[in-house]
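Now for the letters of each chain:
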Amino acid sequence: MSEADRRSRLLRIAAGATFLALAAVLVLIAITASGSGDGGDTEIEGKAAVAKLLEGIPQRQMTLGDPKAAVELIEFGDLQCPTCAGYAEEILPAIMETQVRKGEAKIDFRNFTIIGPESAAAGAAALAAAAQGRGWSFVELFYRNQSAENSGYADDDAFLRALARAAGVADLGRWDADRARMTGRVEETSQEAKNLGFDGTPSFAIKGPKAGGIKLLGTPETTGALEDAIEEAG
Amino acid sequence: MSRLDEGSLQRAIAFLAALGVGLAAYLAIAEANGGSPVCLAGGSGCETVARSSWSHLAGVNVAVLGIAGYALLLATAFFASDTARFAGFVLALGGFGYSVFLTYVELFKIEAACQWCLASAVLMTILFALCAARLIVYAGTAAAIPGRA
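Residue numbers (this note's numbering), protein chains in the order written: chain A, 1 to 234; chain B, 235 to 383.
These are computed hints drawn from the structure, not numbers from a lab.
Built from N, CA and C at the ideal position, the CB exists for glycine as well.
Among the hints, erroneous ones may be present.
Said to hold, decoys possible - Among the chain B residues that face chain A by a calculated CB cut under 8 Å, a handful are: (1) E240; (2) V339; (3) T375.
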């Protein structure tokens, strides 16, 4: 084969390889873009309701309300727990609207994972959102988007990412990196709940000038009972 | 008009491929030690990308594949034959294509920017251009005589 023939053959093969490589990259990108790995196409419900509920209330780490509020209501919850979701939608909003908004009380959410290992991943994701001031938004949205317990949704990356995005987490990259570091904190607060004698979720405790350190409330069944406890502790 | 000197192209390819080996080795070692690469410009993008599922291909760390790719590219720079020119082109083409894909994933799926990954993508792009130029200009020519342009 002459030098010119060899050159022509090599360049034809190279051109073909370039075409195939570019086509392969485009196909890969198209396939990846159509996947749900980024949570971009996961529908999150309740965004408007949660935004309205929490609008104007300070969020600092996992605490909702004025950090200087005299009374601290502590909720030990499991994000997979349907009863906790019921409290989030039926019992607690009235307290947020009155005592929390007025600066009389703040609410601290602490993970108490009793339903399954998926709850720990969800709790860590909430804490990572809290590190960017969106913890309560994340928790409230999680409750409004629950599925069957331990069905694989609660630690699903796409679901959690979609929640974080909907909650307004500004730096999703940092949120993602922070999640791994938060599992220890989830275990700590779960152990704290057990040490306090709680065995179900949601469980409440309260701190305040008249509460005598920390007072265990258990699971009050009405908004009124929690409001009274806040009044008595303040 | 004088042609590009193949020896200069080979030296440039060798230099950039050696840089690539070092860069990929840093990323691989950072993960092997149980940590994550540190973004010199700050931020957590490098850690985020390293922790993502995209950092491994068929269970192998992409950085390890990068070391192998850059090392082979480095090897092709030492020979002035059609086999070396074509092998260098194919390796750089594969590396460039995969870098484009990973950069897309990084920016639009992981939503984090890792400066080391972006640096590797830039290196691979330049290497692809150099290897393509080498093949286009010198394909079919006899092996260069050492010491001659």
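To see whether the hints hold, each was checked on the structure:
1. For E240 of chain B, the interface hint is violated, the least distance from its beta-carbon to any beta-carbon of chain A being 14 Å, above 8 Å.
2. The beta carbon of V339 of chain B comes within 6 Å of a beta carbon in chain A, closer than 8 Å, and the hint placing it at the interface holds.
3. At a threshold of 8 Å, the smallest CB-CB gap from T375 of chain B to chain A is about 7 Å, leaving the interface hint in force.
Consistency note: the structure conflicts with earlier hint 1 alone.
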